[in-house]
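*Asks:* Now for the letters of each chain:
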Amino acid sequence: MGLTGFFLITFLIVHCLINSMIFFNDGGETFNHWAHFMGSNLIIRTMEIGLFAFLLLHIFQGLMLWSQNRSARPVRYAVNRPEKNSKWYSRSMGLLGTLILLFLILHLYHFWVPSRMGGIGSIHELEPASLSTYSGQEVHNLYNEMLMVFRENLWVVIVYVLGVFSLFWHLLHGFQSAFQTFGLNHKRYTPLIKGLGVAYSTIICIAFASMPVAMYMNWVS
Amino acid sequence: MALDSKIPHGEMKDKWEDYKGHVKLVNPANKRKLEVIVIGTGLAGASAAASLGEMGYKVKAFCFQDSPRRAHSIAAQGGINAAKNYQNDGDSVFRLFYDTVKGGDYRAREGNVHRLAEVSAAIIDQCVAQGVPFAREYGGLLSNRSFGGTQVQRTFYAAGQTGQQLLLGAYSALERQVALGTVKMYSRHEMLDVVVIDGKARGVIVRDLVSGKLERHFGHAVLLCSGGYGNVFYLSTNAMGSNVTAAWKAHKRGAYFGNPCFTQIHPTCIPVSGDHQSKLTLMSESLRNDGRIWVPKQKGDTRKASDIPENERDYYLERRYPAFGNLVPRDVASRAAKERCDEGYGVGTTKMAVYLDFKDAIMRYGKTEAGKTGHESADDKTIFELGKKVVEEKYGNLFEMYEKITGENPYEMPMRIYPAVHYTMGGLWVDYELQTTVPGLYALGEANFSDHGANRLGASALMQGLADGYFVIPYTLGNYLADEIRTTAISTDHPAFVETEKAVNDRINKLMSIKGKQSVESFHKRLGKIMWDKCGMARNAKGLQSAINEIRNLRNEFWSDVRVPGDINEFNPELDKAGRVADFLELGELMCMDALNRNESCGGHFREESQTEDGEAKRDDANFSYVAAWESKGEGWEMHKEPLTFEIVKPTQRSYK
Amino acid sequence: MEHYHMNLTLKIWRQKNSNAKGNFETYKVSNISSEMSFLELFDVLNEQLIAEGKEPIAFDHDCREGICGACSMYINGEAHGPWSKNTTCQLHMRAFKDGDTIVVEPWRSQAFPVLKDLVVDRSAFDRIIQAGGYISVNTGNAVDANAIPIDKKDADDAFMAAACIGCGACVATCPNGSAMLFVGAKISQLALLPQGEPERETRALNMIAQMDKEGFGNCTNVYACEAECPKGISVANIARMNREYLSAGLNADTK
Numbered sequence: 001m002g003l004t005g006f007f008l009i010t011f012l013i014v015h016c017l018i019n020s021m022i023f024f025n026d027g028g029e030t031f032n033h034w035a036h037f038m039g040s041n042l043i044i045r046t047m048e049i050g051l052f053a054f055l056l057l058h059i060f061q062g063l064m065l066w067s068q069n070r071s072a073r074p075v076r077y078a079v080n081r082p083e084k085n086s087k088w089y090s091r092s093m094g095l096l097g098t099l100i101l102l103f104l105i106l107h108l109y110h111f112w113v114p115s116r117m118g119g120i121g122s123i124h125e126l127e128p129a130s131l132s133t134y135s136g137q138e139v140h141n142l143y144n145e146m147l148m149v150f151r152e153n154l155w156v157v158i159v160y161v162l163g164v165f166s167l168f169w170h171l172l173h174g175f176q177s178a179f180q181t182f183g184l185n186h187k188r189y190t191p192l193i194k195g196l197g198v199a200y201s202t203i204i205c206i207a208f209a210s211m212p213v214a215m216y217m218n219w220v221s
Numbered sequence: 001m002a003l004d005s006k007i008p009h010g011e012m013k014d015k016w017e018d019y020k021g022h023v024k025l026v027n028p029a030n031k032r033k034l035e036v037i038v039i040g041t042g043l044a045g046a047s048a049a050a051s052l053g054e055m056g057y058k059v060k061a062f063c064f065q066d067s068p069r070r071a072h073s074i075a076a077q078g079g080i081n082a083a084k085n086y087q088n089d090g091d092s093v094f095r096l097f098y099d100t101v102k103g104g105d106y107r108a109r110e111g112n113v114h115r116l117a118e119v120s121a122a123i124i125d126q127c128v129a130q131g132v133p134f135a136r137e138y139g140g141l142l143s144n145r146s147f148g149g150t151q152v153q154r155t156f157y158a159a160g161q162t163g164q165q166l167l168l169g170a171y172s173a174l175e176r177q178v179a180l181g182t183v184k185m186y187s188r189h190e191m192l193d194v195v196v197i198d199g200k201a202r203g204v205i206v207r208d209l210v211s212g213k214l215e216r217h218f219g220h221a222v223l224l225c226s227g228g229y230g231n232v233f234y235l236s237t238n239a240m241g242s243n244v245t246a247a248w249k250a251h252k253r254g255a256y257f258g259n260p261c262f263t264q265i266h267p268t269c270i271p272v273s274g275d276h277q278s279k280l281t282l283m284s285e286s287l288r289n290d291g292r293i294w295v296p297k298q299k300g301d302t303r304k305a306s307d308i309p310e311n312e313r314d315y316y317l318e319r320r321y322p323a324f325g326n327l328v329p330r331d332v333a334s335r336a337a338k339e340r341c342d343e344g345y346g347v348g349t350t351k352m353a354v355y356l357d358f359k360d361a362i363m364r365y366g367k368t369e370a371g372k373t374g375h376e377s378a379d380d381k382t383i384f385e386l387g388k389k390v391v392e393e394k395y396g397n398l399f400e401m402y403e404k405i406t407g408e409n410p411y412e413m414p415m416r417i418y419p420a421v422h423y424t425m426g427g428l429w430v431d432y433e434l435q436t437t438v439p440g441l442y443a444l445g446e447a448n449f450s451d452h453g454a455n456r457l458g459a460s461a462l463m464q465g466l467a468d469g470y471f472v473i474p475y476t477l478g479n480y481l482a483d484e485i486r487t488t489a490i491s492t493d494h495p496a497f498v499e500t501e502k503a504v505n506d507r508i509n510k511l512m513s514i515k516g517k518q519s520v521e522s523f524h525k526r527l528g529k530i531m532w533d534k535c536g537m538a539r540n541a542k543g544l545q546s547a548i549n550e551i552r553n554l555r556n557e558f559w560s561d562v563r564v565p566g567d568i569n570e571f572n573p574e575l576d577k578a579g580r581v582a583d584f585l586e587l588g589e590l591m592c593m594d595a596l597n598r599n600e601s602c603g604g605h606f607r608e609e610s611q612t613e614d615g616e617a618k619r620d621d622a623n624f625s626y627v628a629a630w631e632s633k634g635e636g637w638e639m640h641k642e643p644l645t646f647e648i649v650k651p652t653q654r655s656y657k
Numbered sequence: 001m002e003h004y005h006m007n008l009t010l011k012i013w014r015q016k017n018s019n020a021k022g023n024f025e026t027y028k029v030s031n032i033s034s035e036m037s038f039l040e041l042f043d044v045l046n047e048q049l050i051a052e053g054k055e056p057i058a059f060d061h062d063c064r065e066g067i068c069g070a071c072s073m074y075i076n077g078e079a080h081g082p083w084s085k086n087t088t089c090q091l092h093m094r095a096f097k098d099g100d101t102i103v104v105e106p107w108r109s110q111a112f113p114v115l116k117d118l119v120v121d122r123s124a125f126d127r128i129i130q131a132g133g134y135i136s137v138n139t140g141n142a143v144d145a146n147a148i149p150i151d152k153k154d155a156d157d158a159f160m161a162a163a164c165i166g167c168g169a170c171v172a173t174c175p176n177g178s179a180m181l182f183v184g185a186k187i188s189q190l191a192l193l194p195q196g197e198p199e200r201e202t203r204a205l206n207m208i209a210q211m212d213k214e215g216f217g218n219c220t221n222v223y224a225c226e227a228e229c230p231k232g233i234s235v236a237n238i239a240r241m242n243r244e245y246l247s248a249g250l251n252a253d254t255k
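Chains as they are written, first to last, in the working numbering: chain A, 1 to 221; chain B, 1 to 657; chain C, 1 to 255.
Don't read these hints as lab results, they were simulated from the structure.
Derived SDA-like pairs: lysine to any residue, alpha-carbon spacing no greater than 20 Å straight-line: (1) C:153 / A:183; (2) B:525 / C:49; (3) B:24 / C:140; (4) C:28 / C:100.
Label-pair restraints from in silico Cβ distances: (5) C:84 / B:385: 21 to 31 Å; (6) B:89 / C:82: 39 to 49 Å; (7) C:85 / B:372: 22 to 32 Å; (8) B:141 / A:206: 50 to 60 Å; (9) C:5 / B:412: 19 to 29 Å.
Every residue gets a Cβ at the ideal spot worked out from N, C-alpha and C, and that includes glycine.
Excised from the complex, chain A in its bound form (with noise of 0.2 Å):
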């Protein structure tokens, strides 16, 4: 659960950077480049046929989890206040990455899909973007998909609002939690860990947030 969770960590930073391009403001420019490396670059695309294993792994590890320590008590407590010993999101992380699930299949049917298998069968195709800093080369205008999946519906952005704030609580937890199943807890540094896990955390899923805030408040346009 720690080593998954460690590299999707990981991704989540590379990943929020990209996005974070948006920000620019640029019509989607800077954005669309990289966007276009990530999913051209041969390295990048290998990585990503590990990540999409790291993350049936990290399903199937909470699975098994969910199910063993289900199983690890029968009969459960007819009253029990967790609440007075642990934080509620801790006890919750099978929830929440099952919303996160969720989430993320919409996320993936909304970009990934079009971006890497459109145009087969009845997946729509992206429009094309005509990059002047790439060579001239004809990329995909993923910007323009993100515009247009945000720009007009409500009930998507709240969506992936509520998907990105179940990766927040999921995260609180997952962070720390992954250092300390690697045996780091340490006087000094587990304070800083766990600092540095809210810190994560919150700035992580703020910029999450705010994108698809940002093109529906038309922020960024």
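With the hints as your guide, set chains B and C onto chain A.
*Replies:* Same frame as chain A, but now just chains B and C:
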């Protein structure tokens, strides 16, 4: 039968070495064929079972708790003595031996005590090797503190949880042998009788406390490590389950009971708070290193402790015993507290308590701390806070426990304490080899009578339990078993097993069939009250005689009116308790008889008829320098005497002034 | 501290034996002193039940001073009740007020089957210790106790880990029914001491293998165990165990 203590001849300091050098041995191939039963898994039982398992014997160990780790040794707080002299303060094997004989008020056997002092150092080595985390100094070496009745620092400790750490060490050694298959462990099993064949102990009848079924187990030897019988008083610092049953059954099968009246009343316990009280909690004796004991000088003073000025406080231990002050031995401290309360100087709502005050210690430590950091001119509040930190580090867990129980903060106001039954020096009579009067039946640790005389010094119980288990029985048992190598395992279908099991079964059926009106607990409480009032801290002939009659009547009432709910063949704690209380009802009588017989004061046994002018215990060496070993004879007892001789430590009036 | 008396309603899990189906029974008790311990409340109730000709409630208890680890009640949704760093036997009735309803259940865990009423079988813990929770030193083999100095900090940390009383509150309270705090505490204690060094790796591997075999759940770092542990054993011990396990796993010969 004449009692033979089998003390080896020769110089005191050579006895044990000589014994070890000449004791019979059992070769490894034969050890595998010899079966040993160990009852109880406290310090003595767990260490014995583990050590014997390591040696290659086939061991079966039994405990009534759900795990061997829960034996009541775990509750010992203060520490364990050892003559290491790491502090370079003049300690030696001889001094530990001397202090223990003197502390026991010259009613212990010198030979046994010397051996105890000799092996004490090896115990610490063994425990450290097992991973017992004793307190250490910054240099990484072991730390020591001092305890009552001594003037050297020889007590090793692990905060206020020394017993726990030592027991977990012995428990881990035991579990290792369980894993290796040399020891078979039976938890939630209670021994209910010893099987004696041709005069030798050959096995036990135990009850599986979960299923209620009786089981027969054969052994070439049986080791009783079943602890003391303080719970005869109902209220004591013992665990709820601590009982005399195993030792008592052995007694009924022929093992003599030594000095049953020798009971230790520990001076620093949390006082009784009401009728609901089910047990008493000890506050470690180590607290007397820093706490000062006092009562108001004025009778019936109802002011708060903090409102009583210094010159109106009576630090009675420091006043009466300037040399040892608050660190006098337990018996002396307890009696002094009782004396003050009986005179009307007691404190608290019940007036049956004295103060144990840490204010001075906190300020003293505070000043030292302030000095270290160059804050000599700090105000009292800062000094108090600094000192509180030091005291917290030393006794934090005890202070917390006190606060949980009483709801009072002992940093702010003095603890209220009162003596409570804590340990029983008496027990099954054993010889130098720890063998009872039944061949093949041994008693170790608190279950035997041998090492503490009439009063045990603090931090010596842990030492004795582990000495017996780790370093004595592995040698002495071989001396017996060497002659048993031709005895093949006796079938548990042997008539003796059948008959003994039937006797146990009949008794259980009888208990269940009374179906009276009163609960087991109510009988236990009444017995406890008789014992505490008449066979407690102060005893006299008239009281003891009436106690004997009262106990007999109570016993008759028990056997005609007790109500034991539930069934036999199920988990039935009330039935377990009924059997134990039935045995206490017999033991109580014997204790009173022994106390009545011993018309002298010694150690924890204080006969009002025998005291000095200033109220100190007065021994009568001319008439009572012996071990009273009681033989069970049907409905009564016959007393045998083992005279005590003192080659080295000549008995004198004990003085801590 | 003000003393007071109270009337209470108790809902207690009753179960005849490990095979029987259990249920809650409701009892009323009156005039309970705030000075009583929680187990003394049970003494009073049991005396009441015996007088009424009913079966008293079975519960594990022994030392009643918070150290033997026998007592094990899940009180109003918390292991050992509402006070922190506390055992059931040291919980006092001051924690409750007149008219309260108190629900008491046994530890709930696959690995701790109920034997009767509130009594569970915790022998799984003993088996985990058997798998390696010791230092293999036969009696008589030891060197002088001061021959190996130990850093005071390590000794103190080892002691803090060794303070575990084996009550099982960590398992009972963990949403996953995991025993990692118990196991971590023992592995830590022995890993911190030089005496534990030789068996360090096999110990970690074997104890964890046994833990898994017993049917305990997995740790997801919720830390409820630390919060409810009567001895305040730190989850840093779980991290240390993870570390021990990882390095032992990497060093292990192929099995």
